[in-house]
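*Asks:* Make the full structure from the sequences, and use the hints.
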Amino acid sequence: MMPSMSSLPGGGTTGLLDGHGGTDAPVIVPSRCDSKPSKERPLDGARISVKDNVDVAGHKNTLCKRGEDLHPPADQHAACVSAMINASAIIVGKVKLQAMIMREESLECVQFFVPLNPRGDGNQAPAGSSHASAAGVASYEWLDYSFGSDGSYTIPPMKVPGYWSLHADGSGRKPAHYNGGFSIRPTTGILDTTGVVGQFE
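So in full-length UniProt numbering, the last spot in the sequence shown is 201, and the numbers never skip.
By construction, these hints were calculated from the structure, which means they are not laboratory data.
Note that CB positions come from ideal geometry on N, CA and C, so glycine has one too.
It cannot be assumed that every hint is accurate.
Claimed, not checked - Quick list of the computed label-pair ranges, beta carbon to beta carbon:
hint	residue 1	residue 2	range
1	C33	G189	34 to 40 angstroms
2	D34	G189	34 to 40 angstroms
3	K39	I190	32 to 38 angstroms
4	L70	D121	34 to 40 angstroms
5	E40	D121	43 to 49 angstroms
6	G189	R119	29 to 35 angstroms
7	T188	H71	26 to 32 angstroms
8	L70	C33	37 to 43 angstroms
*Replies:* Encoded structure:
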């Protein structure tokens, strides 16, 4: 029997079952047939996944390492999750990221399986820290959006004769590009990041 989703204030819901970790929770996906986005409910019916460094009440963040299973589940939603639910979004699941957000390539992960790039030939990496966010949206018609993170960084110029450049990368934009989607990176400081685990340096 399929468990039912519980409604939350503002009309949004979570389709996650409490007590499951970030790797094995069943996904409950409602139909969009009854969705009616409006000014008051702009995300009505939107099915959204969140990157596994974003708190969802009752669930653990794995940060793509099994040691995080020793920590208790989040006791409240991250501010961004609450905002999406209040806008009537439906949070359908959490998706993988790079271990501890430390800029490993997705295929370097040894503790969790990597989603493959749906645009590739079955052997291409989805790239970047938010790789499962991008691969999920590109792969599943029932997933409308994914909330990831994008910690752009800059490395000092490479000290190679004749080669001086700054390297900038986007852990959300890069996988979106690789998987055939697009990503929006808001200006730093514009969103409340309470409940979001930041990049480890």
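*Asks:* All the hints need checking, so say for each whether the structure fits it.
*Replies:* Against the structure, the hints come out as follows:
At roughly 38 angstroms, the beta-carbon separation of C33 and G189 lies within the given 34 to 40 angstroms, and the hint holds. Between D34 and G189 the Cβ separation comes to about 36 angstroms, which falls inside the hinted range of 34 to 40 angstroms. For the pair K39 and I190, the supplied restraint of 32 to 38 angstroms is violated, since their beta-carbon distance comes to about 21 angstroms. A C-beta distance of roughly 38 angstroms is found between L70 and D121, which places it inside the suggested range of 34 to 40 angstroms.
Range check, E40 to D121: Cβ separation about 45 angstroms, and the 43 to 49 angstroms hint holds. Against the hinted window of 29 to 35 angstroms, the Cβ-Cβ separation of G189 and R119 comes to about 33 angstroms, which satisfies the hint. In this structure the hint that T188 and H71 lie 26 to 32 angstroms apart at CB holds, the actual value being about 27 angstroms. Take L70 and C33: their Cβ atoms lie about 42 angstroms apart, and the range 37 to 43 angstroms holds.
When held up to the earlier numbered hints, the structure conflicts with hint 3 and nothing else.
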